[in-house]
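Dock chain C with the ligands against chain E, hints included.
Top to bottom, those sequences are chains E and C. Counting with this note's numbering, you get residues 1 to 308 for the letters of the first sequence. Counting with this note's numbering, you get residues 1 to 222 for the letters of the second sequence.
Derived by calculation from the structure, the hints in this document are not laboratory data. One or more of the hints may lead you astray.
As the list claims (entries may be wrong) - Residues on chain E that point at chain C, a partial pick, calculated with CB under 7 Å:
{"no.": "1", "residue": "K112"}
{"no.": "2", "residue": "Y123"}
{"no.": "3", "residue": "N163"}
{"no.": "4", "residue": "A166"}
Unchecked claim - Pairwise CB distance ranges, derived in the manner of DEER restraints:
{"no.": "5", "chain 1": "C", "residue 1": "E11", "chain 2": "E", "residue 2": "G26", "range": "36 to 42 Å"}
{"no.": "6", "chain 1": "E", "residue 1": "E287", "chain 2": "C", "residue 2": "T122", "range": "43 to 49 Å"}
{"no.": "7", "chain 1": "E", "residue 1": "P253", "chain 2": "C", "residue 2": "E11", "range": "55 to 61 Å"}
{"no.": "8", "chain 1": "C", "residue 1": "G84", "chain 2": "E", "residue 2": "S235", "range": "53 to 59 Å"}
{"no.": "9", "chain 1": "C", "residue 1": "C138", "chain 2": "E", "residue 2": "V195", "range": "39 to 45 Å"}
{"no.": "10", "chain 1": "C", "residue 1": "R214", "chain 2": "E", "residue 2": "I70", "range": "52 to 58 Å"}
{"no.": "11", "chain 1": "E", "residue 1": "H271", "chain 2": "C", "residue 2": "D209", "range": "44 to 50 Å"}
{"no.": "12", "chain 1": "C", "residue 1": "S129", "chain 2": "E", "residue 2": "E170", "range": "24 to 30 Å"}
{"no.": "13", "chain 1": "E", "residue 1": "I70", "chain 2": "C", "residue 2": "K194", "range": "43 to 49 Å"}
Quantities reported herein were computed from a predicted structural model and do not represent experimental measurements. Ideal Cβ placement from N, Cα and C applies to all residues, glycine included.
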Amino acid sequence: MSASNLEKILKSGNFAVTGECGPPRGSDAEVVRKKGAHLKGCVDGVNVTDNQTSVVRMSSMSASLILKEIGFDPIMQMVCRDRNRIAIQSDILGASALGINNLLCLSGDHQKFGDHPTAKNVYDIDSMQLIQTVKRLRDDGKFLGGEEVKGTRPDLFIGCAENPFADPFEIRAMRLAKKAAAGAQFVQTQCIFNVPKFEKWMEMVRDLGVHEKIYILAGITPCKSIGMARYMKASVPGMDVPDELIDRLKGVPKEKVAEEGIKIAIEMIQHVRQIKGVAGVHIMAIEWEEKVPEMVKAAGLYPRPQVN
Amino acid sequence: MIVANRKPFEELLEFIKPYSKILLLGCNECVTVCATGGAKEVAILASELKMHREKEGRPIEIMEHVLERNCDPEYVESLKPMVGDYEMVMSMACGCGIQFVAEHYREKLVLPAVNTTFDGVTEEHGVWSERCLGCGNCILDKTLGICPVTRCAKSLFNGPCGGSQGGKCEVDKDTPCGWQLIVDRLKEMNMLDKYMEIQPLKDWSTSRDGGPRRRVREDLKI
Ligand code: SF4
Ligand code: SF4
Numbered sequence: 001m002s003a004s005n006l007e008k009i010l011k012s013g014n015f016a017v018t019g020e021c022g023p024p025r026g027s028d029a030e031v032v033r034k035k036g037a038h039l040k041g042c043v044d045g046v047n048v049t050d051n052q053t054s055v056v057r058m059s060s061m062s063a064s065l066i067l068k069e070i071g072f073d074p075i076m077q078m079v080c081r082d083r084n085r086i087a088i089q090s091d092i093l094g095a096s097a098l099g100i101n102n103l104l105c106l107s108g109d110h111q112k113f114g115d116h117p118t119a120k121n122v123y124d125i126d127s128m129q130l131i132q133t134v135k136r137l138r139d140d141g142k143f144l145g146g147e148e149v150k151g152t153r154p155d156l157f158i159g160c161a162e163n164p165f166a167d168p169f170e171i172r173a174m175r176l177a178k179k180a181a182a183g184a185q186f187v188q189t190q191c192i193f194n195v196p197k198f199e200k201w202m203e204m205v206r207d208l209g210v211h212e213k214i215y216i217l218a219g220i221t222p223c224k225s226i227g228m229a230r231y232m233k234a235s236v237p238g239m240d241v242p243d244e245l246i247d248r249l250k251g252v253p254k255e256k257v258a259e260e261g262i263k264i265a266i267e268m269i270q271h272v273r274q275i276k277g278v279a280g281v282h283i284m285a286i287e288w289e290e291k292v293p294e295m296v297k298a299a300g301l302y303p304r305p306q307v308n
Numbered sequence: 001m002i003v004a005n006r007k008p009f010e011e012l013l014e015f016i017k018p019y020s021k022i023l024l025l026g027c028n029e030c031v032t033v034c035a036t037g038g039a040k041e042v043a044i045l046a047s048e049l050k051m052h053r054e055k056e057g058r059p060i061e062i063m064e065h066v067l068e069r070n071c072d073p074e075y076v077e078s079l080k081p082m083v084g085d086y087e088m089v090m091s092m093a094c095g096c097g098i099q100f101v102a103e104h105y106r107e108k109l110v111l112p113a114v115n116t117t118f119d120g121v122t123e124e125h126g127v128w129s130e131r132c133l134g135c136g137n138c139i140l141d142k143t144l145g146i147c148p149v150t151r152c153a154k155s156l157f158n159g160p161c162g163g164s165q166g167g168k169c170e171v172d173k174d175t176p177c178g179w180q181l182i183v184d185r186l187k188e189m190n191m192l193d194k195y196m197e198i199q200p201l202k203d204w205s206t207s208r209d210g211g212p213r214r215r216v217r218e219d220l221k222i
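The following block holds chain E by itself, in its conformation from the complex (with noise of 0.2 Å):
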């Protein structure tokens, strides 16, 4: 078992709660900090973006390294866009070595999204590949190339994450099952909005046994508006939002779909512990981290365990 302290929860069978923090597009430490100050004591662990959407920001171990002085065990996210394996592999040992424990493994989205649309990518190896690689440093202790690792091995939980709500649908359950046979421990889904597609690719995923080999913690989003909505119905790729859940929003008053938007995201908390398989959730609040903990304590899931 590594030093994760997320890992000790989900292996103490405790329902895991994870939280999200996107560094800043500058070099302010404290930016980092008063960000995850909102999510104190809520959450088992933090994600830490990099480089999301392909919009330049600070690094994610350098915003993983402040979390982690600030107390929280911080999930550093890595993607595949913009580092060769020779990168990857530095990053990860040097990643251990400041005692980051858990490393989310990502393909990350295409350039063409970001500031910096012009740029090459870099592509040299995949997601999947990348779980492995993680898996071959930490337990084989060999790099890519075949040399040893001199040494302290990377100490890492390895996670992945999976979009139940993109295409084929009919492949998304063997992909888990994939990541999972390449080493992931844990997966941190796509953010639910559609349930009963969820519960589908949930029970693929049992008929596959996955979800006794990898932990599946269900990513969760509170809409903020109705715009917030309607934008990710129409320009993320991959996101499936219904048109109930936009009606639900709109049936209140307008200062009150904030509120409604929260509401939402504690029921659809509710809703996806009780599926079988779900061992957490993964709490995406973009920048609206402050309104974590409320989410946490309605949804009966406060305060968090201490395990050792």
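Below, chain C with the ligands without anything else, positioned relative to chain E:
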């Protein structure tokens, strides 16, 4: 075939600005098939440029010439008697052809009139699309004839990513998701179980990452 696009007219006007007598080269191979740099396109570009310069009061003489191939020394050398008569050579051949002509006539400036874009196919009349990046180690056997290196915007070997929707790639709603195509094909062939095989790390040294590539067949050398 190698597919290319003509460069913007303004850019070409800039290229020819200092000159009054140039050679405009075309090629009878790929760029003819993709309707970019064959005899017809060379004639059109020459007349457009001449007309423009005429209007500017600075007429230009343009010799149109189309080689059978611009990537073979035998054809490229056939230019020898004429190249000296022109101040500059502008070429509508692909990037390989342009370079090869430049290598042969070092005293001349050889400028590109096209942007060479990809190795692809004619999907239908007037539509071309990319198929192969020449990675040097073909894995089409594993993906049943659809290239993930080329047809997935992220060159994923274990796709599809989470952005694949409705059969389209996340980068462009008009581009098919290469991995959707692979999964469809696996199903079609009743081989979906093959999807579970994790594709290993790619050896990119056979690709351009290993440096410019060269092929030698001793038995064919004269
Ligand atoms: S695998 Fe390589 S050689 Fe084969 S089609 Fe793709 S890029 Fe070309
Ligand atoms: S949507 Fe499909 S083609 Fe596009 S990057 Fe993702 S897997 Fe590749």
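Now the hints, each set against the structure:
1. K112: With Cβ-Cβ at 5 Å, under 7 Å, it holds.
2. Y123: Since the shortest Cβ distance to chain C is 5 Å, the answer is holds.
3. N163: OK, holds: E:N163 within 7 Å of chain C, min 3 Å.
4. A166: OK, holds: E:A166 within 7 Å of chain C, min 5 Å.
5. C:E11 to E:G26: 36 to 42 Å: Given range 36 to 42 Å: holds, Cβ gap about 38 Å.
6. E:E287 to C:T122: 43 to 49 Å: 47 Å, holds
7. E:P253 to C:E11: 55 to 61 Å: 57 Å, holds
8. C:G84 to E:S235: 53 to 59 Å: Holds: the Cβ-Cβ distance is about 58 Å, inside 53 to 59 Å.
9. C:C138 to E:V195: 39 to 45 Å: Holds, at about 43 Å.
10. C:R214 to E:I70: 52 to 58 Å: Holds - the Cβ-Cβ distance for C:R214 and E:I70, about 56 Å, lies within 52 to 58 Å.
11. E:H271 to C:D209: 44 to 50 Å: 48 Å, holds
12. C:S129 to E:E170: 24 to 30 Å: Since C:S129 and E:E170 have Cβ atoms about 26 Å apart, the given range 24 to 30 Å holds.
13. E:I70 to C:K194: 43 to 49 Å: Between E:I70 and C:K194, where Cβ atoms are some 47 Å apart, the hint holds.
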